[in-house]
Amino acid sequence: MKPTAQVAVVATFTALVVGSDLALSGPEFSNVKLLDTLVFVSAYLFGLRVGAAVGVLSEAIWSFASPVGSAGVVAPFLVAGELLFALAGYGAARVWRREGRTYPNPLFVGALLALCAFLWDFETNAATAMIAFWPGVTVSNFLATEFNPLTLAFTLAHEGSDFLFGVLLAPTFIVMITRARRRTL
Amino acid sequence: MVARGMFLGVVALLAALLLVSATLAAIYYQDYQQQVSQNQKEGEELDRALASYATVQGSLNSSLKDYNTTLSLLADSVANLNTSTPSYLRASGALATLWAEYRSLAKEQGMKAVSLAVNVLVDFGNGTRRWYNDSAAQAGWNAYVTTLVLLDGHLDAVWYPQYGEHFVTGVAGVNQTTTTSWFVWVKGAGGWAVAGSGADGVQMDNGTSIAWTLCDYDASFNPQCSP
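Residue numbers (my numbering), protein chains in the order written: chain D, 1 to 185; chain X, 1 to 227.
Don't read these hints as lab results, they were simulated from the structure.
Do not take every clue at face value.
Derived coverage of chain D by chain X (criterion: at least 3 residues anywhere in the stretch with Cβ under 8 Å from a Cβ of chain X; other residues may be distant) [claimed, not checked]:
1) 24-36
2) 131-140
3) 146-159
If the Cβ cut is set under 10 Å, some of the chain D residues that face chain X in the computed set are [claimed, not checked]:
4) V68
5) G72
6) V73
7) V74
8) L78
9) N125
10) T128
Ranges of calculated distance between the beta carbons of each label pair, as one might list FRET restraints [claimed, not checked]:
11) X:D218 / D:F108: 30 to 40 Å
12) X:A94 / D:L115: 39 to 49 Å
13) D:I61 / X:G196: 26 to 36 Å
14) X:N222 / D:S70: 25 to 35 Å
15) D:G26 / X:L46: 52 to 62 Å
16) D:E123 / X:D76: 26 to 36 Å
17) D:T178 / X:D152: 57 to 67 Å
18) X:E108 / D:I61: 39 to 49 Å
Please read these numbers as outputs of a predicted model, since none were measured by experiment.
Beta carbons: idealized from backbone N, C-alpha and C, even for Gly.
Only chain D is shown next, with the shape it has when bound in the complex:
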């Protein structure tokens, strides 16, 4: 893939991510985002570099342009966490292609995205605990920040929505974009 085409793909996916983040920024969609799915799809179809670029760019933009407010010092951790989805997309593509299949199993993608969502929440909540209690971080306040009624609600919403998007949307996007690419090439 030519560098110019890569830039175009990254820009298109980033625009889609930021636009969908804005559309889902209301309180009724707490922690429900298409971001993870789109980063996974971009890495699955166009490789780790493109997927990572989409994840880093879109999460960095959203961290400072969100109508909820700036993420502040936790932003690098949010951005780093998004690389998990790029790695998962890239890894899934390699495994699937090695097995000679073009399209992934939707349930596998859903489970993979849910697992990544759990790791993303765990990593960002750990960063939240570090920032909130530094330098007096203790095991008890670390665990209380990681696991509490608030994080449970948001984590469940995140993992549940990522699982559903992974089952329904990610395979659909992969099939549609693959077919569109074949037609244009």
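On the provided structure of chain D, position chain X as indicated by the hints.
This is chain X only, laid out in the frame that chain D set:
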């Protein structure tokens, strides 16, 4: 001769009286003119003072509006700051005082502070319940900011920027334990219900009632009590 002399005497007396009254009239007339002139000057000064007063009043009203806007911006900032930063600690403590001063100033000026009437219950889980009925909240405040102001900043919380939410760990100096946690509730038509997305997601409206309860919880973090 006596009659003529008396006549002349009366005439002289009348002439003298005429002279005296004319002199007094002239003096009083001069005083009157001076007084009129003084009144005009004072009237003009009063007009100038009234114009200045109107300008000052306009500036004060404008300042009060700016004060209201500043308070709103400060509340927004407080709601988006890491709760351990010095800026948050200072601002959250000052917000209640500034809000009270604004409302007092607005009242003195005969202006109605643009505020909502809300009800907040704090249930400490040991039988102590504290109601803050008909409390004033600024339009746009959420349950977190409203409680922070009502409790003079005595609210301990961890800010999760990734969720846009605070997890409240202590209310009015009473902190959660390993087996209890603070839950926020909203009163609806069907009674009290736990706010699923946390206090920041609860937008206050006129007449909104919220409650904070320190409750035990089960393995799924469901509260084991209600307000």
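Problem set entry | Those earlier numbered hints the structure runs against, lowest number first | none
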